[in-house]
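Asker: So the chains spell out like this:
There are 2 protein chains.
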Amino acid sequence: MQLRILPYRFATTALWLLFVSLACLSAGVWAAESNDPLPSWSDGKTKQAIVSFVEKTTRQGSPGFVPENQRIATFDNDGTLWAEQPVYFQLIYALDQVKKMAPQHPEWKSEEPFASALKGDMEKLMASGKEGLMKIIAATHADMTADEFSENVSQWLKTARHPKTNRPYNEMIYQPMLELLDYLRANGFKTFIVSGGGIDFMRVFAEQTYGIPPDQVVGSSLKAEYKVRNGKPEIVKLADINLVNDKEGKPVGIHRYIGQRPLFAAGNSDGDFQMLEWTTAGKGPRFGLLLHHTDDKREWAYDRKSHIGRLEKGLDQAKDRGWTVIDMQQDWNQVFPVATP
Amino acid sequence: MQLRILPYRFATTALWLLFVSLACLSAGVWAAESNDPLPSWSDGKTKQAIVSFVEKTTRQGSPGFVPENQRIATFDNDGTLWAEQPVYFQLIYALDQVKKMAPQHPEWKSEEPFASALKGDMEKLMASGKEGLMKIIAATHADMTADEFSENVSQWLKTARHPKTNRPYNEMIYQPMLELLDYLRANGFKTFIVSGGGIDFMRVFAEQTYGIPPDQVVGSSLKAEYKVRNGKPEIVKLADINLVNDKEGKPVGIHRYIGQRPLFAAGNSDGDFQMLEWTTAGKGPRFGLLLHHTDDKREWAYDRKSHIGRLEKGLDQAKDRGWTVIDMQQDWNQVFPVATP
Numbered sequence: 003m004q005l006r007i008l009p010y011r012f013a014t015t016a017l018w019l020l021f022v023s024l025a026c027l028s029a030g031v032w033a034a035e036s037n038d039p040l041p042s043w044s045d046g047k048t049k050q051a052i053v054s055f056v057e058k059t060t061r062q063g064s065p066g067f068v069p070e071n072q073r074i075a076t077f078d079n080d081g082t083l084w085a086e087q088p089v090y091f092q093l094i095y096a097l098d099q100v101k102k103m104a105p106q107h108p109e110w111k112s113e114e115p116f117a118s119a120l121k122g123d124m125e126k127l128m129a130s131g132k133e134g135l136m137k138i139i140a141a142t143h144a145d146m147t148a149d150e151f152s153e154n155v156s157q158w159l160k161t162a163r164h165p166k167t168n169r170p171y172n173e174m175i176y177q178p179m180l181e182l183l184d185y186l187r188a189n190g191f192k193t194f195i196v197s198g199g200g201i202d203f204m205r206v207f208a209e210q211t212y213g214i215p216p217d218q219v220v221g222s223s224l225k226a227e228y229k230v231r232n233g234k235p236e237i238v239k240l241a242d243i244n245l246v247n248d249k250e251g252k253p254v255g256i257h258r259y260i261g262q263r264p265l266f267a268a269g270n271s272d273g274d275f276q277m278l279e280w281t282t283a284g285k286g287p288r289f290g291l292l293l294h295h296t297d298d299k300r301e302w303a304y305d306r307k308s309h310i311g312r313l314e315k316g317l318d319q320a321k322d323r324g325w326t327v328i329d330m331q332q333d334w335n336q337v338f339p340v341a342t343p
Numbered sequence: 003m004q005l006r007i008l009p010y011r012f013a014t015t016a017l018w019l020l021f022v023s024l025a026c027l028s029a030g031v032w033a034a035e036s037n038d039p040l041p042s043w044s045d046g047k048t049k050q051a052i053v054s055f056v057e058k059t060t061r062q063g064s065p066g067f068v069p070e071n072q073r074i075a076t077f078d079n080d081g082t083l084w085a086e087q088p089v090y091f092q093l094i095y096a097l098d099q100v101k102k103m104a105p106q107h108p109e110w111k112s113e114e115p116f117a118s119a120l121k122g123d124m125e126k127l128m129a130s131g132k133e134g135l136m137k138i139i140a141a142t143h144a145d146m147t148a149d150e151f152s153e154n155v156s157q158w159l160k161t162a163r164h165p166k167t168n169r170p171y172n173e174m175i176y177q178p179m180l181e182l183l184d185y186l187r188a189n190g191f192k193t194f195i196v197s198g199g200g201i202d203f204m205r206v207f208a209e210q211t212y213g214i215p216p217d218q219v220v221g222s223s224l225k226a227e228y229k230v231r232n233g234k235p236e237i238v239k240l241a242d243i244n245l246v247n248d249k250e251g252k253p254v255g256i257h258r259y260i261g262q263r264p265l266f267a268a269g270n271s272d273g274d275f276q277m278l279e280w281t282t283a284g285k286g287p288r289f290g291l292l293l294h295h296t297d298d299k300r301e302w303a304y305d306r307k308s309h310i311g312r313l314e315k316g317l318d319q320a321k322d323r324g325w326t327v328i329d330m331q332q333d334w335n336q337v338f339p340v341a342t343p
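Chains as they are written, first to last, in the working numbering: chain V, 3 to 343; chain U, 3 to 343.
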């Protein structure tokens, strides 16, 4: 909890403030609260487990001490750092791009999966399966330079708004997770995103939004090629999958990009199961963290039967594997950051 | 130049030292020399070009100022950070492994390319071409876990010695380049290796040798898969190429791993041409650096006709493209670090 600066207009207020301060100081509460690195996390066993782990692994002389160059923390993105309902935001981006590009593609009116995408018929779109999705990806993510793609995403983030909250998508992020990222970094951890989402998509906003630079973002990707066109060197994105960084693809992505096993891994769905399994199978202290979406008032409540971010195996095995499960409703006293005015 | 601590036995020596110190101080030489971040670089236009670039891009208020999060520096490894003669050290590793594994593979005595590898017949080995090389790679770099591979490389580095100098391979590194890496990092640059060499091979020594952590190493790679065997999660290296990080593969590797265009790129062969081209085609100040091996006394002299590290296009175009070429013989007053006793 941040200490609010109270108006200092009346002597009585000043006096009251002084009393409260003294009372807090004597109880040690002031110091504890103002230094709390995780103010949006309710006091309880989840927060305590995180803090204990960080203290244990970073305190010189502690039996669980881990040198700074091995303090790797990986975070899933969709449903872990930002929301993923009603559908993955990158899919919303793709559909918005289809709409934007439609005037140049009159044939899409009768051609699937574009016809369903343009009508907003999600059920029929999903029925087009992997092949259909790949056509949407090819049309909206490939056959353009990497710079053009980044520019498109950047423009979209400025104008697109979440259907439920009307906030920009990069404000649909979890305040407690921002604090956790900061807390880990302040303790010498190097923080990475390891997500099934597109690497080039996330890199557009990850640094500004999460403080995670482009080279610390691992995600799914398309192949690319280097071309010099009219004397101008370019990276061109191809309509051909390079890596699906999900499920058993996550430890592979971690190996490929990070090159060492994480000390700490956080996710929210069974797509993160193998990342947590790989992480916590390492020697010495390791931390596996799962975010359980239990809050249908402030966010959404979903798990075993959800079409997005299904969490079943993780819930069943978390206890046996020693993973910590965040109960969003109980453990977070704030979900999203206060809106920028 | 490092200031040597002179024996302090005689008063005359002490007096002389004092005089020299005073003389240096009054001329500003002492201060300049003891603060020189690049002491193994001879004073001259190469060193000056590097220092000017770093000062221009890092001085607040300079028209060429670049924010710290965009200060990306990429270095080739073979022939740029460490030597590459008589052949790439990773090939020597592979051949050493073939010899080590031979007792378990009696069929190799008559099976190419292993027979030539075991006899040390490099010419015949090379004549086996890509297909032959791929067989050597498959036998020595695949069908094992990533951990097993790292352990093998680590063991090899401890015992293998360079045929000419009898030094461990990870001491066949260029002292001036170590200073350049340190100098760039001290000025807020993030340093990466971008090499045609194997990513898993380089990651074993890059941090200790160059101060470059595993996640900042980009190289060629094999595909890998995640498997849980007898309850133990493992990353298994497969005999299938994932990325050839050479020539036009280097900008692709940079895009894939680093996600932004470098500000500074250093290489030594035409395999680095596209990396320098991509780097220096960016907006604002950029730096392209090529190491020309001109020193057959302290190292090797080779360029246009070499079978390893051929440098032809780079030499022809460096001037027009504004790239800086290091003349090893002229520009470096020391090549390798002083041997550890």
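Everything labelled a hint here was simulated from the structure, so no lab data went into it.
There's no promise every hint is true.
Identical chains blur together in the list; that is why a pair holds if it fits in one copy or across any two.
The list that follows gives simulated cross-link-like pairs (lysine to aspartate or glutamate, EDC-like), each with its CA atoms no further than 16 angstroms apart [said to hold, decoys possible]:
(1) Lys249 <-> Asp149
(2) Lys58 <-> Glu125
(3) Lys249 <-> Glu227
(4) Lys111 <-> Asp38
(5) Lys101 <-> Glu314
(6) Lys58 <-> Asp45
(7) Lys234 <-> Glu250
(8) Lys126 <-> Glu314
(9) Lys137 <-> Glu314
(10) Lys192 <-> Asp217
(11) Lys249 <-> Glu314
(12) Lys160 <-> Glu250
(13) Lys192 <-> Glu209
(14) Lys101 <-> Asp297
(15) Lys249 <-> Glu236
(16) Lys285 <-> Asp149
(17) Lys229 <-> Glu250
(18) Lys285 <-> Glu236
(19) Lys234 <-> Asp149
(20) Lys225 <-> Glu250
Asker: Tell me, which hint numbers fail for this structure?
Answerer: The structure conflicts with hints 1, 2, 4, 5, 6, 8, 9, 12 and 14, although it agrees with all the remaining ones.
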